[in-house]
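A.B. asks: Add chain B with the ligands to chain A, keeping to what the hints say.
From first to last, the protein sequence lines stand for chains A and B.
Heads up: the first sequence begins at 40 in the working numbering, then just goes up one per residue.
Heads up: the second sequence begins at 1446 in the working numbering, then just goes up one per residue.
Derived from the structure by calculation, the hints contain no laboratory data.
Every residue, glycine too, gets a C-beta built ideally from N, C-alpha and C.
Footprint (simulated), chain A over chain B, 3 or more residues, beta carbon under 8 Å:
id: 1; region: 1545-1559
id: 2; region: 1604-1616
Derived DEER-like restraints, expressed as beta-carbon distance ranges:
id: 3; chain 1: B; residue 1: Ala1567; chain 2: A; residue 2: Ala162; range: 50 to 60 Å
id: 4; chain 1: B; residue 1: Val1627; chain 2: A; residue 2: Asp142; range: 48 to 58 Å
id: 5; chain 1: A; residue 1: Ile102; chain 2: B; residue 2: Ser1544; range: 35 to 45 Å
One side only, chain A facing chain B, incomplete, derived with CB under 7 Å:
id: 6; residue: Ser202
id: 7; residue: Ala209
id: 8; residue: Leu210
id: 9; residue: Gly211
id: 10; residue: Leu212
id: 11; residue: Ser213
id: 12; residue: Gln216
id: 13; residue: Tyr220
id: 14; residue: Val221
id: 15; residue: Pro224
id: 16; residue: Gln225
Chain by chain, the residues run as shown.
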Amino acid sequence: MTAARSARKGTLVAVISTLVVATLLAIAIGSSPSWPVVQKAFFDGTYFSTSLPDVIDAFFINIQLFVLAEMLILPIGLLIALARSVTSPALAPLRIFATIYTDFFRGVPSILLIYVLGFGVPALRLPGVPSEPFFWALVTLVLIYSAYVSEVYRAGIESIHPSQERAARALGLSRLQALRYVVLPQALRRVVPPLLNDFIGLQKDTALVSILGVVEAFKQAQILKSANFNFTPLMTTALIFLVITIPMTRLVDRLAAKDRAAQQGGAR
Amino acid sequence: MARTTTKQAAEPVLELRGVSKRYGRALVLDKIDLTLAEHEVVCLIGASGSGKSTLLRCADLLEPIDAGSITLEGRAVSADDRDADATRRQLGIVFQGFSLFPHLTALENVALAPRVALGLTAAAAEKRARALLKQLGLAAKANAYPDSLSGGQQQRVAIARALATEPKVLLLDEITSALDPVLVAEVLEALRALAKGGATMLIATHEMAFAADVADRICYLEGGRIIEHGTPGQIFGAPRDARTRAFLKRVRSVGASALR
Ligand SMILES: Nc1ncnc2c1ncn2[C@@H]1O[C@H](COP(=O)(O)OP(=O)(O)OP(=O)(O)O)[C@@H](O)[C@H]1O
Ligand SMILES: [Mg+2]
Chain A
40 MTAARSARKG TLVAVISTLV VATLLAIAIG SSPSWPVVQK AFFDGTYFST
90 SLPDVIDAFF INIQLFVLAE MLILPIGLLI ALARSVTSPA LAPLRIFATI
140 YTDFFRGVPS ILLIYVLGFG VPALRLPGVP SEPFFWALVT LVLIYSAYVS
190 EVYRAGIESI HPSQERAARA LGLSRLQALR YVVLPQALRR VVPPLLNDFI
240 GLQKDTALVS ILGVVEAFKQ AQILKSANFN FTPLMTTALI FLVITIPMTR
290 LVDRLAAKDR AAQQGGAR
Chain B
1446 MARTTTKQAA EPVLELRGVS KRYGRALVLD KIDLTLAEHE VVCLIGASGS
1496 GKSTLLRCAD LLEPIDAGSI TLEGRAVSAD DRDADATRRQ LGIVFQGFSL
1546 FPHLTALENV ALAPRVALGL TAAAAEKRAR ALLKQLGLAA KANAYPDSLS
1596 GGQQQRVAIA RALATEPKVL LLDEITSALD PVLVAEVLEA LRALAKGGAT
1646 MLIATHEMAF AADVADRICY LEGGRIIEHG TPGQIFGAPR DARTRAFLKR
1696 VRSVGASALR
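Excised from the complex, chain B in its bound form:
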């Protein structure tokens, strides 16, 4: 992790302080503190139901939070803000179930938000979309409709679409869990390239090997709390908390897929 030294000095891009979230009576997020520095890649790991998706949805202002604060580049933001739409443009999110728009081509999928939400001209939006598709290895598929793309290609289009508004942070929620292993590799490779290019990312994943490889920091979640966080070397090599150790032991014995 050669880049880590430069990162520590970087200012926080996204900051969650004491964020709590309830669904009915269930406390799903319990006083989450999380800071994401510029160019930093943080992976969220934890068992099913530990709150990873909820954390990402709250960070993207798709869900209101019940307590705490979220700051984006020093500015307090909230799902209830009048300009929450504008804030959301600065945050890119990709979900496993976040389907592409089936009535639009790959290019139109990517160009839609720049044109409509950012107000770029059609030509400028298209140019940006083409560049992104190329970056994700999809230049040849620009005019294909989603249903004629493989799962891995669709997921890469979704990543390109999320990047199209030039977000400060990219939030990714288990975007490989519905893919077969070959396609997983292809999508993870695309993410690695983005990380190398300096993207700031918060990634929920069950792919431990990928997390160990790409992350600057790993957060282990359980019961809506961040139990432990540290470098991949520390978390996977010498986990301090007994709960982290138990989780990793289970992952290693049953294999990551059984956790879903």
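The following block holds chain A by itself, in its conformation from the complex:
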């Protein structure tokens, strides 16, 4: 009872203080002498409603891009993570390759890779190699994010106490069976929140492929901006991205909180 009441009181205080701060901020910005000009350039109601359908249309390209990319990144990232954790000396080249791969793709700015792969490789005119910008945009995002995601997987695998693998091995399971039935099922459960975090980054980064001429939401907004000399379409695009990423961010927070609670309770 009292807990519920104090929680309600807490919410009320939070709402009021947020409103006060927001109002003060609005007054401060609105009182700036150049605000009307900025408002006209960035937050114009008419331009917003006319750009919305076009930007949404183009956003389907972003969706296609990140859904396809995610489907490829999940298994590829796992394979790279596994390659990095092999211990057998015979497979050392595999481990070294995977290490170089993650170091390289995490270290180079995404936009640079998109330039090089998106313009450079098609320019080679290799027979049988596609030259569509969408294809190269997809390849680049998959290459970069597989490196990030493999690190997430690896951290998850390493977070499982070695006694788990030892127990499995003592039962006569092979190293691969121990991984498959004991280590991975536990690790995968733990990596869901950080994995989703990386995917939020990926979804935002689909805007980068606009430099290859793929008409996705951001490129579409730029086209509209240039046509009308008004920045509002860019704000429209920002809004659409937020509509997708904010619920995902909240989901990540909730899953992470649940994980923490479970771990504190000594639960699974």
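C.D. replies: Same frame as chain A, but now just chain B with the ligands:
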């Protein structure tokens, strides 16, 4: 010990000959000779650091040895063998710190090795797992996850899990040392039942009363060597070696728990 007479004639199941093990420069096991006959229960006693756990880990092929040989039912085995996994299935081991798999129920914990490592069908593995859980008094807990089981129940699930591949020998390393006295009794009772059922066991323990009760033979270890071995009556009643006498005197004066 009514069974002792029949046991002497039994063929050795597990045999360690001149087994030595080093960690870096430290000689942790020094030419260990130990034979385990079928249905025999041998307890390893000795102070902390005497090499009991190392001996069990080496016998289970979890650690390579530096010298000597290990024979399982007449066949030379080694941790470096290609088929060491297959050998390990014939040896069951339970450690104090050998946690259960937290993402699997008690039943799934026990059924995993028969299904995955032995290739039994899911139904056959489950049937075997249920029988083992029942044998250890855990039939009602089959679908419980480890974190909802008491320490004693968890340890019994671990024993059932180790028995699930029908090992020739069960190796147990101080599996009661993290439990409170009531739970200790419950786990020791389960082991007594296994011993009565004819299981072959090698047990490292600090529970002298239990060792005296369940063991056919006691080995006293010190500095990685078996100083003395004999029947519980002989070791506890008339220890021959001065070091054994000193150890037992210390155990009796400080109580077993202080040795950990
Ligand atoms: N992985 C390891 N690396 C280095 N030294 C080790 C390792 N494992 C054990 N030792 C050393 O080997 C010796 C024997 O250890 P072991 O764990 O076998 O003793 P124990 O008889 O089981 O002791 P306790 O009764 O405390 O369990 C100890 O001196 C220990 O420090
Ligand atoms: Mg020990």
